[in-house]
Amino acid sequence: MSGATAAPGYALERRGTTRDLGDYVVGAGFAAGTPAFALADGSLHLATGEAWPRVEAHDGGLLAFASAGRFFVTGGEDGRLARVTPEGEATELARLGRGWVEHVATHADDRGRVVVAAGMGKAVHVVDGEGRALKTLEHPSSVGGVCFDARGKRIAVAHYNGASLWFVAAKTDSPRRLEWKGSHIGIALSPDGDCVVTAMQENALHGWRLSEDAHMRMSGYPSKTRSMSFTRNGKWLATSGAESVVLWPFFGGGPTGKAPTELAGGDNVLCTQVAAHTQTDMVAAGFSDGMVVLADIGSSRILPVAPPGRRPVSALAWSADGARLVFGTEDGFAAVVDFGRRD
Amino acid sequence: MAEAQTNETVPVTVLTGYLGAGKTTLLNRILSENHGRKYAVVINEFGELGVDNDLVVDTDEEVFEMNNGCVCCTVRGDLIRILGGLLRRRGRFDGIIIETTGLANPAPVAQTFFVDEDVKAKTRLDAIVTVVDAKHLPQRLADSHEAADQIAFADVIVLNKTDLVTPDELAAVEARIREINRFATIHRAERGGVPIAELLDRGAFDLDRVLAARPDFLEDDSHEHNEDVSSMSFEVERPLDPEKFNAWISGLLATKGQDLLRTKGILAYANEDRRFAFQAVHMIADGGFIGPWKDGDPRRSRIVFIGRDLNRPQLRRGFESCQAT
Ligand SMILES: [Zn+2]
Ligand SMILES: [Zn+2]
Chain B
1 MSGATAAPGY ALERRGTTRD LGDYVVGAGF AAGTPAFALA DGSLHLATGE
51 AWPRVEAHDG GLLAFASAGR FFVTGGEDGR LARVTPEGEA TELARLGRGW
101 VEHVATHADD RGRVVVAAGM GKAVHVVDGE GRALKTLEHP SSVGGVCFDA
151 RGKRIAVAHY NGASLWFVAA KTDSPRRLEW KGSHIGIALS PDGDCVVTAM
201 QENALHGWRL SEDAHMRMSG YPSKTRSMSF TRNGKWLATS GAESVVLWPF
251 FGGGPTGKAP TELAGGDNVL CTQVAAHTQT DMVAAGFSDG MVVLADIGSS
301 RILPVAPPGR RPVSALAWSA DGARLVFGTE DGFAAVVDFG RRD
Chain S
1 MAEAQTNETV PVTVLTGYLG AGKTTLLNRI LSENHGRKYA VVINEFGELG
51 VDNDLVVDTD EEVFEMNNGC VCCTVRGDLI RILGGLLRRR GRFDGIIIET
101 TGLANPAPVA QTFFVDEDVK AKTRLDAIVT VVDAKHLPQR LADSHEAADQ
151 IAFADVIVLN KTDLVTPDEL AAVEARIREI NRFATIHRAE RGGVPIAELL
201 DRGAFDLDRV LAARPDFLED DSHEHNEDVS SMSFEVERPL DPEKFNAWIS
251 GLLATKGQDL LRTKGILAYA NEDRRFAFQA VHMIADGGFI GPWKDGDPRR
301 SRIVFIGRDL NRPQLRRGFE SCQAT
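If you're matching them up, the sequences are chains B and S in order.
The opening residue of the first sequence carries number 1 in the UniProt record's numbering; numbering runs sequentially from there.
The opening residue of the second sequence carries number 1 in the UniProt record's numbering; numbering runs sequentially from there.
One chain only, chain B, in its complex shape (with noise of 0.2 Å):
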């Protein structure tokens, strides 16, 4: 246990509950209102109780992690998608083959019906909730990040010389192509499902404004943009990859020919992590010293998190009430920071 070296100020002093697992904490988040943290050895850690269950979830590495509303879905160099229950029971929910599965991205919608697109070598799989085979889309170059739109109706997937978009329900499968050369290595998808952005191997982010067919140059990083995070109406896209919280204006205009908001500025020290809150205009961010702060956007007011001290923040999520925090980090601390408890 730790976390009791957090200095006065940070709420993960008084709001946290901290644990050392001890290896690279891949992905974090919730699923039923239990938080979990998913870690590079293959493990799922659930944030309950004194003693957190860990979970074994791939034989070997794993590589990727997703809440799906009601369970956790992770992907592991052992080519299966697993299921882990709140509960801490894990099955498999499929086996994707030989290789990596390096992306999963889920959509839960209101009846709980779950979809899962996972991205292995060129390949996104796409399964449901219980592992059955929906379809698999093949791209020209390997899948460099995936996402759903926020109805669950397209799955959006970066690649070697742009993007593809697919709709799950569609009979016949043909991606709507955004082509822009080079190599794209992550993917976003505003809220009203507009605009694609990716991110890209030369420190910048490409974005295509589907209604008008109209690119976005969002570039000025000095390091890659490995987390982007839209704002819960879109107007701002926060992204990682600089030494403050670069916000983009998804507003009168921008961001084309637009500057971006820089909140929570430092030097020599990146911002590795955002997470936009899922009720408000704030966004909480974490950074290669292991600091973790809440930016709020209006106000650019800064409510420290967690200190400096650490190794990089390598996870970020709310909870879907926008109450609690989870974060972790490279070396395998984990922290619930709940923003709702009363003191």
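Calculated directly from the structure, the hints in this document are not laboratory data.
No false leads were mixed into what you were given.
Below, a sample of chain S positions facing chain B; criterion: calculated Cβ distance under 10 Å:
(1) Met66
(2) Gly77
(3) Leu86
(4) Glu117
Simulated restraints, written as ranges between beta carbons of each label pair:
(5) Asp201/S to Gly322/B: 48 to 54 Å
(6) Arg238/S to Ala259/B: 44 to 50 Å
(7) Ala121/S to Arg70/B: 37 to 43 Å
(8) Arg238/S to Glu202/B: 37 to 43 Å
(9) Ser219/B to Ile196/S: 41 to 47 Å
For glycine and all other residues, C-beta sits at the position ideal for the given N, C-alpha and C.
Position chain S with the ligands relative to chain B; hints supplied.
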């Protein structure tokens, strides 16, 4: 390339060579012999390996061009992803071996280690090891570009199947290798039987070997137009002016980069106690200070070029003109 990089980074060995040269046999030996070190291996043909190892990763070589519009500026996208995944759990292995397909051009692999910031921060290219078949090499060199490129890129060459040729043929093939690359270490072998320690964790890419290479004092400066790969080195006595060197080398790489397969240098800058290490693959370059010059060692700058159509007098004059006045 910074000093801080030494122990933090994971050594990577690139294993190249034609199908049938003995690459797979060598890889199997590395994985099965009890040498006390554990390696993660990135390969292209899963079925070839007889060894069961949970650290073997199968990949398809995916080469992409960088956004500068130049055909020689290419990197391996699959490696960037795979190394990123492996390095999250670096405690599992002591080093990484990357096997390339028989016909692969080694440049994209090598360039990946200069271009990608994450790969650069967490790994170091220890050596490029090329396995060649003593009997078939002359034919390979005659019918493809890649055979010469693989030798040109090598820090270490395993000259395999020496039992299948006569002593005269062996001497001839070794001389042919030396024409292409005078700076690589050559190990003769029969069935890939080279001590593993001679191949891995050599620090061959750390450029110290450049200092050991004999400069071309005695060779004449006649220039012939030549598509064959050759290698040459130059040495200057007076310290270099960093600005002059940067201006010269950037201009050279920009104009001649496609022909320059590898460039390596250890440089003595004026008013600087540390050695500056420089290296490039085609036009993609990297440089940084490494340890200080040893007391008593002459502070001479040396540079090595391996490539096609090298213009010896022009390169010599260019390097000499970088000396501080
Ligand atoms: Zn080039
Ligand atoms: Zn010429």
